[in-house]
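Enquirer: The hints should help you fit chains B and C onto chain A, whose structure is shown.
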Amino acid sequence: MLANINVLLLDYALGSLKRQGGKSIFIFLVLCLLIFLLASVLMIADAIKFELNTTLKTLPQITLQRFVAGRQTNVSVERVDTILALNGVERAIPRVWGYYYFKPAGVNFSIVGIDAYEEPYKKRLSELTRTFDLSTLEKEGGMIVGEGVQNVLRENYYSDFFNFITPKGERYPLKIAGVFHSDIALESNDLMLVPKQAAYTIFGMPPEEATDIVVHVSNPVEIPTIVQKITERYPDLRAITQDDLRISYQNIFDYKSGFFLSLFIVCVFAFFIVIYDKASGLSSEERREIGILKALGWRMSDIVHAKFYESFVMALSAFLTGFCAALFFVYVLQAPLLRSVFIGYSELKPPFRLPFSVDVKMIVLLFFLSVPVYIAATLIPSWKAASLDADEVMR
Amino acid sequence: MICLHHVCKRFAQGDEAIEALKDVSLEIAQGECVVLRGASGSGKSTLLSLIAGLAQPSSGEIRVLDREISKLPEHLSALFRRAHIGFIFQKFHLIPGLNVEENVIAPLIPANLPLHVLHEKARIKMEALHIDSKAKRDVKRLSGGEQQRVAIARALINDPVLILADEPTANLDAKLSAELIEHLYMLKQSGVTLLIATHDPLFFDLDFVDRIVELKNGRIV
Amino acid sequence: MSLTPEIIALLLLDAVFLLFGGIAFVLSAGIAWRWRSNETTELQYALHRRSYLVSVIINYIFMLKIPLFAFFIYTCDKLSAIITGAMCASGVVNSVDFGLYLTLFKIVNLYVFGFWLLLNDADMNDEKLPFTRLKFILFILFFIPLCVEIGLEIGFFTSLNVSKIVSCCGTLFSASSTSSISLLFSVDEKIWMMIFYGCFALSVAAYASRSPLASVVSNLLLALFALIALILFFSPYVYELPTHHCPFCLLQKEYFYVGYLLYALLFSGTFYAAAGGVLDLVQKRYTKRFYRLSLFFNTVYVIGISLYPLSYYLRNGVWL
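If you read the protein sequences in the order shown, they are chains A, B and C.
If you're matching positions, the first sequence starts at 40 in our numbering and goes up one per residue.
If you're matching positions, the second sequence starts at 135 in our numbering and goes up one per residue.
If you're matching positions, the third sequence starts at 7 in our numbering and goes up one per residue.
Bound conformation, chain A alone:
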């Protein structure tokens, strides 16, 4: 197999694939389907990971949450000043945010309180609100929503304002003062920016508390030290860093695709046996052909070579077909059915498009998971075929 490619032998192998007709097509289809499933799952996982990573980058360096009895509760705003006093802390901002369940559409909106006199706690937010005058927003009782949110509201006949229901059961109308566009689908589809005051009212929270505190550190290397200092001072605060989130997301997705792959390996095993069986069963014409060729001066290695070309061409073409079908299924059709395996919260979150993210690494990975396994399954049957007795044609 070290030798260079023999074009005529390749041509012969292609011809013999064609002559096997139905058997070739059957194997091709099964192989395509397997590769297609595998490629789709890996692509969906990668795309969601990509989307989340983009979102993660916009998250604060440290988020402080207060836990009482193992449950997250509001944190007192006073603590902000103590944290600001720590060396290395550049900014500490109390946040007011939460989810608002909108029953008619069955979706959760994320409501984030913003304040005209406070610097927004993340860059993305200031980008989003740059075009809007926040002080007038406060005066007029307005809010800014994402494009996706606007669509949901409009479907429910709220075209210029929206009635929130406070925990006390009162109506609290806010004008839709503006709409923003975001590349990050998760942001655009569920984010509502409301004045801080309004957020307190909607959630029914006392004004001396905040949902959590985000901390900015001038030197990212110091993050662990500062986290340590804060948690020493306030043992009931839990600090979540950007890195923690990134690693846990990566783990979840590797775990989920790993779980799927483990199932896939069971399929591969079954497939292996099917191929072995199919490749072992030679028709009498094939046996006769091999006998003739051996009598004409073909070595065993020539026949194995031809069979190797056959399985390589078969595996490679099925690989390419399955891969392209998966590209189409995931990125054009947006992976109906399959994506819900990965988006556990898809019922509550508004939908988003899967961003395109395919790299060489994935192609190599898919290749290793499919082509060598198929070829392995045909190794022994090829050898068996090649070692048929040639003098059978003489009898």
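These are calculated hints, taken from the structure and not from any lab test.
Please read these numbers as outputs of a predicted model, since none were measured by experiment.
Idealized CB from N, CA, C, for every residue including glycine.
There may be inaccurate statements among the hints.
SDA-like cross-link-like pairs, simulated, lysine to any residue; straight-line CA separation at most 20 Å [to be verified]:
id, chain 1, residue 1, chain 2, residue 2
1, B, Lys205, B, His139
2, C, Lys170, A, Leu56
3, B, Lys274, A, Leu56
4, B, Lys225, A, Thr280
A few chain C residues that face chain A, going by a derived Cβ cut-off under 7 Å, partial list only [said to hold, decoys possible]:
id, residue
5, Thr10
6, Pro11
7, Ile14
8, Ala15
9, Leu18
10, Val22
11, Tyr58
12, Leu59
13, Val62
14, Leu70
15, Ile88
16, Lys259
Okay, the calculated beta carbon distance ranges per label pair [stated by the list, open to error]:
id, chain 1, residue 1, chain 2, residue 2, range
17, B, Ala163, A, Leu359, 19 to 25 Å
18, C, Trp325, A, Lys268, 44 to 50 Å
19, A, Tyr294, B, Asp272, 53 to 59 Å
20, A, Thr112, C, Ala21, 48 to 54 Å
21, A, Asp50, C, Trp325, 53 to 59 Å
22, C, Leu267, A, Glu324, 43 to 49 Å
23, A, Phe89, C, Tyr292, 53 to 59 Å
24, C, Ile146, B, Asp157, 37 to 43 Å
25, C, Asp127, B, Glu202, 20 to 26 Å
26, A, Glu324, B, Asp149, 30 to 36 Å
Expert: Structure of chains B and C alone, referenced to chain A:
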């Protein structure tokens, strides 16, 4: 050229051993045309297989072109066939699904020769046998005579010094048989050694046959 | 244990290798036991066919192992993004005690199986099949490092701990490291550089003297000292950082994946001379082709790696 020395061949069939060849010794000179005569089951085909290196004798020694073919490992005996031996089978044994040219070059496909060399070789043989106009046609769509000529062209593609024919006229009508004998005659003229296994009486009184060897129950009589 | 798709792919192929290697092992044992090269019985005929199956299997394993080795390093490189502290594959490889041994076993196995295939070729081209018994006894022996490698690989991936903090290559390949590598740093890197060029000169001399034995020895020395010189002397020029000595970062995108090319050249160059030389010693002959290939690859490697310090000197007027 060919030298068999006390060759025996036994097959195991079920529990009993069948002795297909019993102590066969034979010598064939360069350029000779020898007919192996015998009823079916007399061991003719077995003898051809052994000479071609397709099977190994149970005992004895076979030399072809001064190489001890009976001792060659399988892959080397295949190379030996590819280099020196041409085969004409019973019922031609063409490969269905391949066209005429592909069938003709079939013995040399694994040799990985440059394409133009191979096409040139094929062209010469096909022209000599007047099948060059049908080069791209599927062999299934050829007449019996044409199929026969393809088989002969295939046997000649490697310019063999020895041609082995196994029942070449079985299942052929009189006209085709006569045509085949004509081709064999021309081969004999060109100096090729011919060994023809047959029980067809047509071969028994031909001028160019140098010798008739009769096989009966695996023995030369 | 973290089941990334890459790890599952590697483990799946390991299972395939183990299965087929096992089949080849059983067949080899049978052939080595019953092979009689001067007999021509049906049994020998059948054994010969089986021996061909073994060579097909080994060919398959070897052909896959070459790209898989690159894929393994690549996977480690990718894992370095998850494991805290690791900056490149070396941190991941060294995060498990035997990681470095695993890598070494992988390289050794490539040499060993490559040699087996050369021996197989030589055997099949001789009508007496002189090495059939030898090659199957050898395969029985070579099967052990293969199993060790697969075992280590499974162990490696199961004991990888995502939350453990590991050292990055900057500390692993430095004088302050506690490993045996730090010992090498106690010698001036210029000396290593000179030994490396000396070994290359030796291998050229061996080529000129047409001695297989000298070629084998000089090329094995060259492989060893080329790696040491790469870590101690050449790598800082590639990275243009005087303290960066990592042999793995070469494989990263920032350096245009140049490491894959350099290692391929070095390994194939030394392989042809070493394995071909051993084969020639066994057969008592001289096959020029092996040494010519080896000389070609080695020379390209030496020129390639030398260009880094040279171009650095030409641009900056100083040595690092």
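Enquirer: Each hint needs a verdict: does it hold in this structure or not?
Expert: Results of checking the hints against the structure:
no.	hint	result
1	B:Lys205 to B:His139	holds (13 Å)
2	C:Lys170 to A:Leu56	violated (52 Å)
3	B:Lys274 to A:Leu56	holds (18 Å)
4	B:Lys225 to A:Thr280	violated (81 Å)
5	Thr10	holds (4 Å)
6	Pro11	holds (5 Å)
7	Ile14	holds (5 Å)
8	Ala15	holds (5 Å)
9	Leu18	holds (6 Å)
10	Val22	holds (5 Å)
11	Tyr58	holds (5 Å)
12	Leu59	holds (5 Å)
13	Val62	holds (6 Å)
14	Leu70	holds (5 Å)
15	Ile88	holds (6 Å)
16	Lys259	violated (11 Å)
17	B:Ala163 to A:Leu359: 19 to 25 Å	violated (58 Å)
18	C:Trp325 to A:Lys268: 44 to 50 Å	holds (45 Å)
19	A:Tyr294 to B:Asp272: 53 to 59 Å	holds (56 Å)
20	A:Thr112 to C:Ala21: 48 to 54 Å	holds (50 Å)
21	A:Asp50 to C:Trp325: 53 to 59 Å	holds (57 Å)
22	C:Leu267 to A:Glu324: 43 to 49 Å	holds (48 Å)
23	A:Phe89 to C:Tyr292: 53 to 59 Å	holds (57 Å)
24	C:Ile146 to B:Asp157: 37 to 43 Å	holds (41 Å)
25	C:Asp127 to B:Glu202: 20 to 26 Å	holds (23 Å)
26	A:Glu324 to B:Asp149: 30 to 36 Å	holds (31 Å)
When the structure is compared with the earlier hints, violations turn up for hints 2, 4, 16 and 17 and for no others.
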